[in-house]
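Peer 1: Residue numbers (our numbering), protein chains in the order written: chain A, 1 to 810; chain B, 1 to 296; chain C, 1 to 179.
Zero decoy hints are in this set.
Here chain C is said to cover these stretches of chain B; the calculated rule only asks that three of the stretch's residues, wherever they fall, bring their Cβ under 8 Å from a Cβ of chain C:
{"#": "1", "stretch": "2 to 13"}
{"#": "2", "stretch": "37 to 48"}
Only pairs whose alpha carbons sit at most 30 Å apart, straight line, appear in this in silico DSBU-like list of lysine-lysine:
{"#": "3", "chain 1": "A", "residue 1": "Lys481", "chain 2": "A", "residue 2": "Lys22"}
{"#": "4", "chain 1": "C", "residue 1": "Lys153", "chain 2": "A", "residue 2": "Lys22"}
{"#": "5", "chain 1": "A", "residue 1": "Lys553", "chain 2": "A", "residue 2": "Lys4"}
{"#": "6", "chain 1": "A", "residue 1": "Lys429", "chain 2": "A", "residue 2": "Lys4"}
{"#": "7", "chain 1": "C", "residue 1": "Lys153", "chain 2": "A", "residue 2": "Lys4"}
{"#": "8", "chain 1": "A", "residue 1": "Lys481", "chain 2": "A", "residue 2": "Lys553"}
{"#": "9", "chain 1": "C", "residue 1": "Lys153", "chain 2": "A", "residue 2": "Lys429"}
{"#": "10", "chain 1": "A", "residue 1": "Lys4", "chain 2": "A", "residue 2": "Lys481"}
Facing chain B, according to a computed beta carbon distance under 10 Å, are these residues of chain C, among others:
{"#": "11", "residue": "Pro23"}
{"#": "12", "residue": "His47"}
{"#": "13", "residue": "Gly51"}
{"#": "14", "residue": "Val62"}
Calculated directly from the structure, the hints in this document are not laboratory data.
No residue lacks a Cβ here, since even glycine has one placed at the ideal position from N, Cα and C.
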Amino acid sequence: MTTKLFGEPIARREDARLIVGKGRYLDDIGHGALGVAFVRSPHANARILDIDVSAAVEVAGVHAIYSYEDLDGAMAQPLPVLIPHPSLTAPRTGYPLANGSVSHVGEPIVMVVADDRYLAEDAAERIVVDYEFRTPVVGVEAAERADSAVHEDIPDNVAARLVQEFGDVDAALLQAPHTVSFTQTIERSASMPLEGKGVHARWDAVDESLRVYTSTQTSTSVRAAIATKLDLSLDRVEVIAPDVGGGFGVKIVHPWPEELLIPWAAIRLGREVKWAEDRREHFVSSAHERGQLQRITAGYDDEGRLLALDAHILHDHGAYTPYGIVVPIITSTQLLGPYRLANYRCQVDSVYTNTVIVTPYRGAGRPQGCFAMERTMDRVADDLGLDRAAVREINLIRADEFPWDNHLIFQDGRPLIYDSGDYPSMLDKLRDLVGWEGFEARRSAAAADGRWLGIGMALYVEGTGVGPYEGGHVQVLPSGKVLVSTGLTSQGQGHETAFAQIVAEELGVPIEDIEVHTGDTRRFAYAVGTFASRAAVMSGNAVALAARAVREKALRIAAEVLEVDAADLDIVDGVVGVRGDPGAVLPLSSVAVLSNPLRYAFDEASRAATQFARFASDDQPPVADDDEPGLEGRDYYSPVRSTFASGAHAVIVEVDPGTCAVTIEKYAVVHDCGRLINPRIVEGQIHGGVAQGVGGALYEVMAYDETGQLQNASFMDFLMPYVSEVPQRIDIGHQETPSPLNPLGIKGAGEAGVIPGSAAIAAALEDALGIRITSMPLGPSQIYDLIRAAQDGTAEMTLNSARRSQEEST
Amino acid sequence: MKPPAFGYAAPRSVEEALAVLADLGHDGKVLAGGQSLIPLLSMRLTAPHTLVDINRIPGLADVTVAEDGSVIVGALVRHAELLAHAQAFEALPLLRRATSNVAHATVRNRGTTCGSVAHADPSGEMTAILAITGGSVQIAAAGRRTRDVGAREFFLGPLESCLGPGELAVSVRFGAPAPRSGSAFLELARRQGDYAMCGVAVTVTLDDSAEVTTVRAAYLSVGPVPDVHDLTAPVAGQRYSTADWRAAGELAASLVEPEGDLHASADYRRRLVSVLTERALPLAAADAVARTQVAA
Amino acid sequence: MSGEEQFVVSLSVNGTRRPVTVPARRLLSDALRHDLELTGTHVGCEHGVCGACTVLLDGVPVRSCLMFAVQAEHHEVTTVEGLADADGRLHPVQEAFRDCHGLQCGFCTPGFLTTIAAALEDYPPGASISADEAREILGGNLCRCTGYQNIVKAVGRAQEIRTQRAGLSGDEATDRDST
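Work out the full structure, taking the sequences as your base and the hints as a guide.
Peer 2: Shown next, in the form of structure tokens:
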């Protein structure tokens with residue numbers, strides 16, 4: 001075998017270009033392209049009466065101004081509902097440019113194309129749109145009340161009513177020795193990659209072909225969407241995701257209006273056209289996620305065994321449903337976490353509001369599900385006076401109970417069956433890592449000094465690696481270089497490194513010889529995309545299978561040349577050799593040459609494959625019936641269902657009793673994503689996820705006012721954590737329970753870090769304050785309100801805080 | 001998010017700048033560090049006819065410590081330069097304590113102290129420092145002697161100063177600390193480097209036996225302009241080490257009229273006024289003891 | 001509307017003098033990226049908060065989205081493309097980012113690299129940089145991918161590399177620091 005690479009924390013290969021400024025992100029492409037700006041709705045709910053562009057056409061450098069009336073064919077139809085679902089009974093999508101009405105602030109109405117973005121903005125500023133205002137619907141409770149409607153023909157504002165259930169919840173709740181009911185909310189945040197979206201399009205009029213660069217998480221599907229909407233043959237459209245400056249979910253949505261309009265305009269104008277989204281546009285016209293109101297009733301026994309859980313969730317879906325009800329499905333299934341439960345019902349009412357669309361942001365409904373279940377566990381423990389970890393422990397699925405069938409349908413339309421895991425061991429590790437057992441003593445000692453410490457934990461199970469499939473292509477060139485490509489895209493996950501590690505190990509070549517390409521439909525046209533922690537599982541296994549095919553072929557050819565049995569051959573450092581015979585070797589580059597029978601030699605190496613040089617039997621064709629030229633392989637990985645990763649976080653917080661400021665004193669993570677391809681990359685994913693979890697728990701909120709204006713649409717007021725806001729250290733413990741579902745035994749890791757953040761931090765704050773936390777995120781101003789309410793006797797205190805004061809007084 | 005078109009003048013002397021500004025009247029806007037102005041331009045929240053870029057004018061980048069101990073900061077002195085200025089810190093420690101809280105280092109490298117004052121943002125650190133040190137702004141205009149305007153007259157409201165058309169703030173003067181006084185600065189922002197939800201600059205003056213004679217405080221983000229509050233009453237005559245600072249903090253909370261915003265409610269701001277004042281005052285008192293070696 | 005007044009600005013970037021013709025409002029970030037095609041400098045917010053566009057102006061970090069190109073004349077601008085030696089040897093902070101996995105999508109990275117490169121100049125080789133000091137250095141730059149953990153480590157690592165390059169061993173560094 002070549003030096004072991006799978007599982008090694010090697011440095012990333014993509015960094016070489018990124019650290020010297022040689023990355024190629026969307027706006028780095030096409031310096032000569034025309035620039036684009038949009039007139040976007042300043043109102044949340046309005047009818048468009050008139051659009052006056054007369055002042056704008058005067059602006060020097062303007063090439064075109066388009067509104068809905070200019071759109072033709074499929075472009076004039078609504079944007080697609082990407083993921084239809086039987087429960088999505090009233091889907092709505094917008095148009096590339098608003099068709100007579102707008103349903104959220106930021107919706108595009110007019111597109112201006114000019115020499116550059118400065119001039120395009122000058123012109124956009126001069127366009128006057130007349131509106132007739134309608135009453136905006138903001139917040140899920142307003143949507144539920146339905147005093148007014150987001151879409152006139154959907155008076156109840158309900159897009160979908162999704163019910164997931166097993167057992168008999170009503171009966172179980174009636175029989176349960178204890179029940180608890182509560183309502184809690186979690187606010188909106190957003191993916192907020194540092195690079196916004198962006199599209200560049202170039203139309204070759206002679207060739208009648210279109211090349212589109214877009215900052216996307218799915219280039220193959222954008223390609224299909226463009227071909228469909230622009231009525232082009234698929235073979236005339238190529239879509240490339242260049243370096244992408246972060247995605248976190250928002251760039252899986254497609255086609256964004258701009259992904260259609262930019263190529264559409266490029267064709268009409270016969271010019272390169274580019275749009276690079278600015279930060280304000282990103283806030284008001286991309287996507288948000290998280291906003292839910294959860295009404296939960298749980299039944300449990302004296303030991304804290306959960307007997308039944310009934311959740312009614314109002315999910316804020318924003319103005320449209322282009323991405324279907326994936327987030328509600330994930331919340332309602334992943335809510336179950338690592339626990340055994342016999343009776344469960346979850347109804348999610350996905351409601352329209354006059355706000356930006358809601359589509360997956362890293363975690364994609366799981367943080368909310370985790371919030372529901374984990375806060376339930378905390379309630380049960382508090383009610384019974386039990387240790388919160390002990391209540392979780394008694395409910396955990398045991399290590400010998402896999403596969404565990406939850407009897408629900410997951411987001412991939414497949415059964416929700418946990419494939420493997422060891423949750424009790426994970427919990428044990430977490431308790432050790434955070435110092436759970438000794439904490440109560442620390443807490444009371446700190447309290448005696450007037451310091452408020454609290455601890456909390458949250459566990460989760462994450463379905464990863466959803467289908468339907470990904471493919472991989474591996475080709476050994478006659479130079480010895482190994483090209484690897486897969487169709488899904490990269491946004492910083494280190495695919496160029498991880499996939500190279502897999503291929504290097506499978507094929508037995510030095511990693512330096514490998515070049516990995518992703519997200520380019522010219523290189524690999526069949527793919528789904530990068531989301532749902534699926535890239536490593538899906539494309540990792542696909543490139544492994546492709547590499548195995550190449551290896552098999554290489555050994556077969558080498559066996560003929562070396563006149564040995566292929567079973568006696570191995571590939572080490574790119575050279576095929578006979579085991580135990582150091583003399584009999586053939587470099588893979590030579591195998592590549594020989595794999596392609598030639599008539600023409602154009603260098604020394606290729607002479608070996610020409611018709612008068614090549615070894616061959618006279619009665620066989622140069623390329624056998626079941627063979628093809630070239631040393632390459634292509635294969636696909638298509639899982640029967642998702643594989644389920646798991647993890648547990650615990651956090652210790654300190655609240656300043658004077659300023660109510662929160663400090664994270666300790667953050668501990670135990671994580672299980674099966675076999676690790678590159679532990680360093682996995683840890684990086686966890687670090688980033690935790691920071692986003694902390695952001696979502698303590699800082700980030702999309703602050704809409706009652707008129708539907710987003711009040712904090714800038715990095716000044718939308719508080720993404722700087723280094724000063726994240727934990728100074730994140731203690732990580734790995735656990736590896738391989739997935740039995742795929743050849744490499746891996747599970748996804750991308751989203752894990754963010755999932756339990758709000759639940760664990762809410763629990764820690766509740767522990768520190770002794771006040772029930774029912775709404776996240778919490779800033780110091782809200783904590784002050786809670787403390788004041790507690791002093792006034794209007795806040796709900798935890799039973800545990802009463803027990804503590806009793807202990808202190810005795 | 002691109003700035004609208006504007007005229008651009010880059011005068012090479014104060015006289016030239018004043019002539020250009022006089023010519024432009026209401027149409028002129030001074031560009032110094034640009035760290036507040038340029039974002040407003042890029043968001044198209046302001047659209048001045050002509051920017052008068054003073055960055056090429058020599059002689060405006062000096063920090064001078066006057067004989068009376070006041071510190072005069074020229075219009076092109078960057079926050080970072082003031083922060084690194086040893087004599088200024090020696091003369092007026094409060095300057096560095098506050099300046100180190102201005103945004104982040106990169107913004108301090110370009111943003112100017114004088115510009116911060118001229119911007120008259122009640123959330124700005126330097127406005128509060130100007131107020132509590134009894135400082136002033138030196139305002140020049142063509143054909144007229146430079147006038148010296150005290151902080152109380154200078155700040156008219158949020159983002160509103162008495163700077164008129166044709167005028168240029170050529171420097172700001174931060175007043176010298178009183179004898180036997182000490183100072184402290186505390187602020188709390190949602191994220192480090194953000195505009196403070198509340199900040200306080202305090203001075204405490206002691207007598208020879210280390211008893212409190214005067215307590216003053218100015219706040220960030222709690223009112224339209226940086227008022228200076230006298231908090232002496234609850235602690236007058238008390239020994240610095242045992243003074244009832246909490247009472248002074250509570251007094252402060254009763255004097256301010258903060259407003260709420262996205263990040264902090266009015267009530268919470270008032271709480272911060274009280275808590276930060278209570279925490280800053282003993283630091284200032286200890287500073288007074290350390291600086292003047294009054295009998296501890 | 002008639003065309004805007006254009007200014008011929010002689011920019012000196014990474015040691016090379018390059019003229020650009022721009023209107024007064026052209027942001028330095030746009031001039032670098034689109035006129036000079038030095039696209040290593042990235043734009044994350046265009047309102048001075050994220051730090052991705054940070055370049056060095058006469059060696060001092062500034063936000064290039066908060067300056068106009070016309071203002072950069074007579075100053076030396078250093079972008080991420082200018083951090084490595086002329087012979088291509090990486091700057092210590094570039095090497096450190098790779099060693100420590102200090103980047104993921106890489107979009108904010110140039111702003112961190114320039115900021116840290118300038119800050120390192122305040123520390124002689126051999127002096128150590130604490131994690132708290134590192135966090136202060138990074139304080140004004142946003143990253144959405146890494147959670148900053150490995151960027152903080154990279155600052156310390158960059159200083160180690162500087163120390164090694166200066167021919168000092170780590171032990172000497174510690175000695176120097178403690179004296």
